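Trainee: Work out the full structure: start from the sequences and follow the hints.
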Amino acid sequence: MTILSRSVSASFALAALASCAGRPSPPPLPPPNVAYEAPRVVAGPLEARPLLGDIPTTASRYGAGPLAIVASGPMAEGERAGAFVEVPKDACLLAYARSSASLEDIDLAAFADEGNPIAVDEGPDPKPTILVCPPHPDRVYVAAHAAAGEGLCVIAAQLVPRERADAVGRAVNARGSTPKAPETWPGLDEHVRNHRAAIGGTWEEQRRVAVAVDARAPSSIGLTIDEGGCADALVVPDEDVAVLDVDVFDAEGRLVTRAKDTSAVRSVTVCSQTAVAGSLQVRPHVGRGLVAVVLAKAKGDSAREMLTRPDVAWVASGQPLDTTRAARERSLVKAGYGAATSAQTGQLQLGRRATLPVDLGAGSCTRVDVVAGAPLALVEAAIWDDRGSLLASGDGADGAALFACGKGKARVDLGTRGRPGPFAVLVRPEKWKDPAFAAHPLAASRMLARGAGPAAVHEGKAGVVRHAVLEPAKRYMHDANMAAGQCLLVAAGASGEGTGLELRMFDAVTGDELDRSHGQIAAAVRACAGDAARSVRVEARASAGKLDAVIGERILGQ
1 MTILSRSVSA SFALAALASC AGRPSPPPLP PPNVAYEAPR VVAGPLEARP LLGDIPTTAS
61 RYGAGPLAIV ASGPMAEGER AGAFVEVPKD ACLLAYARSS ASLEDIDLAA FADEGNPIAV
121 DEGPDPKPTI LVCPPHPDRV YVAAHAAAGE GLCVIAAQLV PRERADAVGR AVNARGSTPK
181 APETWPGLDE HVRNHRAAIG GTWEEQRRVA VAVDARAPSS IGLTIDEGGC ADALVVPDED
241 VAVLDVDVFD AEGRLVTRAK DTSAVRSVTV CSQTAVAGSL QVRPHVGRGL VAVVLAKAKG
301 DSAREMLTRP DVAWVASGQP LDTTRAARER SLVKAGYGAA TSAQTGQLQL GRRATLPVDL
361 GAGSCTRVDV VAGAPLALVE AAIWDDRGSL LASGDGADGA ALFACGKGKA RVDLGTRGRP
421 GPFAVLVRPE KWKDPAFAAH PLAASRMLAR GAGPAAVHEG KAGVVRHAVL EPAKRYMHDA
481 NMAAGQCLLV AAGASGEGTG LELRMFDAVT GDELDRSHGQ IAAAVRACAG DAARSVRVEA
541 RASAGKLDAV IGERILGQ
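Residue 205 in our numbering sits at position 205 of the sequence shown, and the numbers go up by one each step.
Treat the hints loosely; a few may be bogus.
Under the rule of at most 27 Å between Cα atoms (straight-line distance), these lysine-lysine pairs were calculated in the DSSO-like manner [to be verified]:
#1 K546 <-> K433
#2 K407 <-> K433
#3 K546 <-> K474
#4 K433 <-> K461
#5 K334 <-> K431
#6 K431 <-> K407
#7 K297 <-> K260
#8 K407 <-> K461
#9 K334 <-> K299
#10 K431 <-> K461
#11 K299 <-> K260
#12 K89 <-> K297
#13 K461 <-> K334
#14 K461 <-> K299
#15 K431 <-> K409
#16 K431 <-> K299
#17 K433 <-> K334
#18 K433 <-> K409
Calculated from the structure, these hints are not laboratory results. In this text the structure is predicted, and so the values were computed from the model without any measurement.
Mentor: Here you go:
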């Protein structure tokens, strides 16, 4: 560009500026013909009820009750809205959410008070519908989540009679439309029978409950263990979930045990010498659906009957060894035992066994008490004679009581599966004597331990002791009598190549079964007479193979 060109361009620019500067301002506008006041504000929410369409009418036609609005209002993506809804125990709850077209995806869920999801509909649409049927909490929190978009949303609910739930659910396309009680699981009773047969013992079923589970978070139900008792949980999943984690926690949230089996059906069996108010937590690795949980409990002495060793919810005694030892001595003196003839102390370490020599008296049997002091817990003990034969074995959260029916030199092997700590071994003659004990020492030891019960002290007065050879195809029988106001405890211990011991007691007159007990190596049954004397028949047999058994009776007061 030449100097002349640049000068011409500059001249045009200056002329344009001068022209703009000289333009006059526009004249003012005339006033409006109509004067408006400030806008009037009307308080109140958007009317969201029309968004529900005909779903309330359809549900009512098939048996649902009146409509209730749970929550409504505008929602942006990621926001939630909801409220608690009370549900009668015998009714189902139909809940659904609907929205304006600008809200493209809504999720709907019902939660228990502890935050566990009971029912969820997360389909990729703005029409989520769920149906919650018994068993369920007394109230649930129904909430909607805006997954995509923003707009007006309304959540509604209707109660549905349980017998109409299937029809209503199908009519409105609700998730979980068929109410599912634990009894509807295919083969549930068979699972329970097989499980009980596998673990042994005598169980009292507490309840069956259907629990909603989700891979994203664990679901929990209460699990209580009575003092000196056992609890068992069998968990059977439906077809929507797989690979379950089943854990037991105590009241402080500490893990007690978890299911170790790898099959689809999981179970845990827990025993405790102290009362435990804990929880059972279930979480699938895959899916979202329901599991049937069958809970049962057993008395403490049933742990001795189990064919498999249960897990133990243990709590260290919290008392020093001197205190626990003195308490054991007092209880034994009260039961009529003499002073200990020998006592040894030591420390148990995890992963290492302690071996102590003991002298067994020349009498029928010797009682050996292993007493734990804090923090020692979960003690295992066994007594062996000098020829390497097992004379007695046992375990316990805070020690063990063993009955060795032999004489001469022997050794006590000790170990711990819980915590290390101090122990004492107390040796004294056993009060209950019979020639059959020395002839069949291991079977006698197991009978004495089973007859002592959780307190490890024999109650009442010693009765008749018998020896029997038990086989699967041959039933052993004997009769016994009780005076009015008395009870009879019959305990049996077994040794040999066979396995499984079944003990039953019948009324000798009517033939009614009074008690039954199953165990791998020991069992016990009990019955009482009323105001009149009573005769009973005791039967025993082995489940497989041949067993050498010692059967002893104790006469008790009611």
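Trainee: Confirm or reject each hint.
Mentor: Structure-based check of each hint:
Taking the CA atoms of K546 and K433, the gap is near 26 Å; set against the 27 Å cutoff, the hint holds. Only pairs whose Cα atoms come within 27 Å are accepted, and K407 paired with K433 is accepted, the gap being roughly 14 Å. With a CA separation close to 10 Å, the supplied pair K546 and K474 stays within the 27 Å bound. This hinted pair checks out: K433 and K461 have alpha carbons roughly 12 Å apart, not beyond 27 Å.
For the suggested pair K334 and K431, the alpha carbons sit about 13 Å apart, so the restraint of at most 27 Å is met. Restraint check for K431 and K407: the C-alpha separation of about 15 Å stays at or below 27 Å, so the hint holds. For the hint pairing K297 with K260, the CA-to-CA distance comes to about 20 Å; that is within 27 Å, so the pair holds. Taking the CA atoms of K407 and K461, the gap is about 25 Å. The hint holds against a cut of 27 Å.
Distance restraint check for K334 and K299: the Cα-Cα separation of roughly 24 Å lies within the 27 Å cut-off, and the hinted pair is therefore satisfied. A C-alpha spacing of about 11 Å is found between K431 and K461, which places the hinted pair at or below 27 Å, so the restraint holds. Restraint check for K299 and K260: satisfied, since their Cα atoms lie roughly 23 Å apart, inside the 27 Å limit. This hinted pair checks out: K89 and K297 have alpha carbons roughly 25 Å apart, not beyond 27 Å.
Proximity of K461 to K334 is assessed by CA-CA distance (about 15 Å); at most 27 Å being required, the pair is judged to hold. Between K461 and K299 the alpha-carbon distance is near 23 Å, which keeps this suggested pair within the 27 Å criterion. The hinted pair formed by K431 and K409 meets the criterion: a straight-line CA distance of about 20 Å does not exceed 27 Å. With a C-alpha separation of about 26 Å, the suggested pairing of K431 with K299 holds against the 27 Å cut-off.
Between K433 and K334 the alpha-carbon distance is near 19 Å, which keeps this suggested pair within the 27 Å criterion. Simply put, K433 and K409 have alpha-carbon atoms about 20 Å apart, close enough for the 27 Å limit, and the pair holds.
Of the numbered hints given earlier, the model fails none.
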